[in-house]
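Please take these sequences and the hints and turn them into a complete structure.
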Amino acid sequence: MSRLIVVACGAGINTSTIAEDTIKARVQKEGLSDVEVKRILMADIDGYLARPDLVMVVSMMKIFRTFKVPVFQGMPFLIGTKDEQEVLLQKILDVLRKGT
Amino acid sequence: MLAFNESLVALNLDAPDARTVIDVLAGKLHGQGLVVADYGEQTYQREIDHPTGLPTKPFCIAFPHADAKGVTESGLALATLARPVIFKNMGDPDEELPVLLVLMLANRDPAEQVQTLRNLALLFSKPEKLVALRDQPTAEAAATCLRDELDLDHDAETRGGVSERRAS
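Line by line, the protein sequences are chains P and Y. Numbering-wise (this note's numbering), the first sequence opens with residue 1 and increments by one. Numbering-wise (this note's numbering), the second sequence opens with residue 1 and increments by one.
Derived from the structure by calculation, the hints contain no laboratory data. One thing to keep in mind: the hints can contain errors.
Going by beta-carbon spacing under 7 angstroms, a handful of chain P positions derived as facing chain Y [unchecked claim]: (1) ASN14; (2) LYS62; (3) LEU78; (4) GLY80; (5) THR81.
Just so you know, even glycine gets a beta-carbon here, dropped at the ideal spot from N, CA and C.
So, in structure tokens, the structure goes:
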């Protein structure tokens with residue numbers, strides 16, 4: 001079964017696309033071919049939380065609840081320096097490697 | 001294709017609040033036939049539910065947008081603000097940010113604009129570039145500066161100046 005990362009933002013259009021693009025590129029580079037990265041509307045997140053293949057949520061917005069999977073704040077992908085983005089990408093990759 | 005030219009720039013805009021900034025920029029996008037007439041209203045409602053202020057350095061910016069429904073053709077509008085206008089922080093809606101630069105990206109299809117979005121994120125992380133953009137003396141100069149930063153003329157055979165070749 002493939003593993004799903006959802007990237008959530010308010011409109012599901014501009015902000016999450018930036019984060020999705022950055023994570024996708026890195027996941028591909030690392031050869032993690034079983035990982036799917038999908039951008040979604042935060043309003044639609046409940047439908048994804050029930051999925052057994054969900055391994056991570058990256059949110060561009062503050063989250064006021066807890067999930068059964070790790071959650072990361074994706075703001076560095078939008079405004080962070082290369083170094084700040086690398087720190088976050090490493091955290092994401094750590095979660096993915098633990099799960100293999 | 002992303003429409004952007006000096007007609008879509010509000011330079012040194014003196015606005016009392018976020019609503020005014022959003023309406024001015026939406027009006028410019030509508031004036032070019034890129035978005036529906038109530039795109040400003042849509043965007044403002046979206047801004048209340050999901051704010052787009054960003055704590056960039058050395059000053060904060062905002063990145064308001066609504067979803068693709070109101071967009072006929074993707075376009076970008078820029079405002080540099082004469083005085084700070086409060087937007088809420090996207091990462092923490094309880095926090096108010098004094099914003100000095102606003103970029104409204106009316107995006108019909110994000111897949112179409114991935115490279116532009118990448119370049120926007122690069123711009124957001126570079127203080128000296130944000131300062132340079134804000135310091136441009138004319139709308140034309142600001143449009144050229146932003147076109148360069150976002151590499152909007154990448155596909156063009158020749159630099160077409162500030163006018164969009166929308167017919168192509």
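Worksheet item: Among all the numbered hints in the text so far, which are the ones the structure does not match?
Response: Structure breaks no hint.
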